[in-house]
Amino acid sequence: MISSKISQWFYQYNKDIYHFLLYYVGSGDIEDLVQEVFIRAIKGFDSFQAKSSPKTWLFSIARHVGLDELRRRKRARIKSIVPFVDDEPIGEATPEKVLQLNENNRILYQVIQSLKSNYRDVIILRAIKELSVLETAAVLNWNENKVRITYHRALKALEKHKEDLPNE
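Our numbering applies: residue 1 is where the sequence shown begins, and numbers increase by one.
Calculated from the structure, these hints are not laboratory results.
All C-beta atoms, glycine included, are put in the ideal place defined by N, C-alpha and C.
In the SDA-like style, the derived pairs of lysine to any residue whose C-alpha atoms are separated by at most 25 Å in a straight line are:
no.	residue 1	residue 2
1	LYS129	LEU155
2	LYS55	SER7
3	LYS74	ARG106
4	LYS156	GLU135
5	LYS146	ILE78
6	LYS55	GLU36
7	LYS15	GLY26
8	LYS79	ASP121
9	LYS146	LYS156
10	LYS129	SER117
11	LYS160	ILE128
12	LYS129	LEU140
13	LYS79	GLY26
14	LYS43	ASP68
15	LYS74	ASP121
16	LYS156	GLU69
17	LYS146	HIS161
18	LYS146	HIS64
19	LYS160	SER117
20	LYS160	ILE78
21	LYS15	GLU31
22	LYS156	LEU115
23	LYS15	TRP57
24	LYS156	ALA76
What follows is a set of in silico ranges between Cβ atoms, one per label pair, in the way DEER data are often shown:
no.	residue 1	residue 2	range
25	ASN14	LEU67	13 to 23 Å
26	LYS74	TYR11	28 to 38 Å
27	PRO54	GLY28	21 to 31 Å
28	GLY28	ASN141	28 to 38 Å
29	LYS74	SER4	33 to 43 Å
30	GLU31	LYS55	17 to 27 Å
When you get a sec, could you build the whole thing from the sequences and use the hints?
Here it is, written out as C-alpha cells:
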C-alpha cells in the first residue's frame with residue numbers, strides 16, 4: 001500500500017520536486033536528491049496525516065533535503081578553506097607525514113587564533129565542531145541571526161588568511 005502510494009506520487013510530482021530542488025540548491029546531482037525525498041517519504045509515510053496535500057508534504061520533505069544538501073556543501077567548502085589534514089590514521093603515517101601534519105595543524109591553529117574572539121568562537125563551534133546555528137547561539141548566548149552574520153564574516157576573514165594555510 002505504502003510503496004504503491006509513494007510510487008503514484010513519484011510519477012505525479014517528481015518533476016515538480018526536481019525543479020524545486022534545482023532552484024533551491026542550484027546545480028548538482030538533483031536526481032539523487034529527488035530520490036532521497038521519496039526515500040524519506042517512504043520512511044515517514046506514517047507521519048503523513050493528510051492535513052495537507054501529498055504535494056505540500058513532499059515539498060516540505062524536499063526543502064529539508066535541500067537544506068541538508070546546502071549544509072553538506074557548506075561543510076565541504078569550509079573544509080577546503082580550513083584544511084583538515086588529519087584524515088590519515090597516524091599509525092600508517094611515516095615520520096615525515098606526522099611531522100608535516102603537526103606543522104599544518106600548528107599553522108591552522110595560529111590562523112584561527114589570529115581571528116578576533118567572536119570569529120574564533122563561531123568558527124570553532126560551527127565549522128570544526130559542526131554545531132547547528134541554534135546550538136551555537138545557545139553556547140555563545142547570542143541570537144541565531146548574530147551567529148549567522150558572525151559566521152559569514154568569520155569565513156570571509158579566514159579566506160583572507162587562506163594563503164597562510166597549508167595546501168594538502
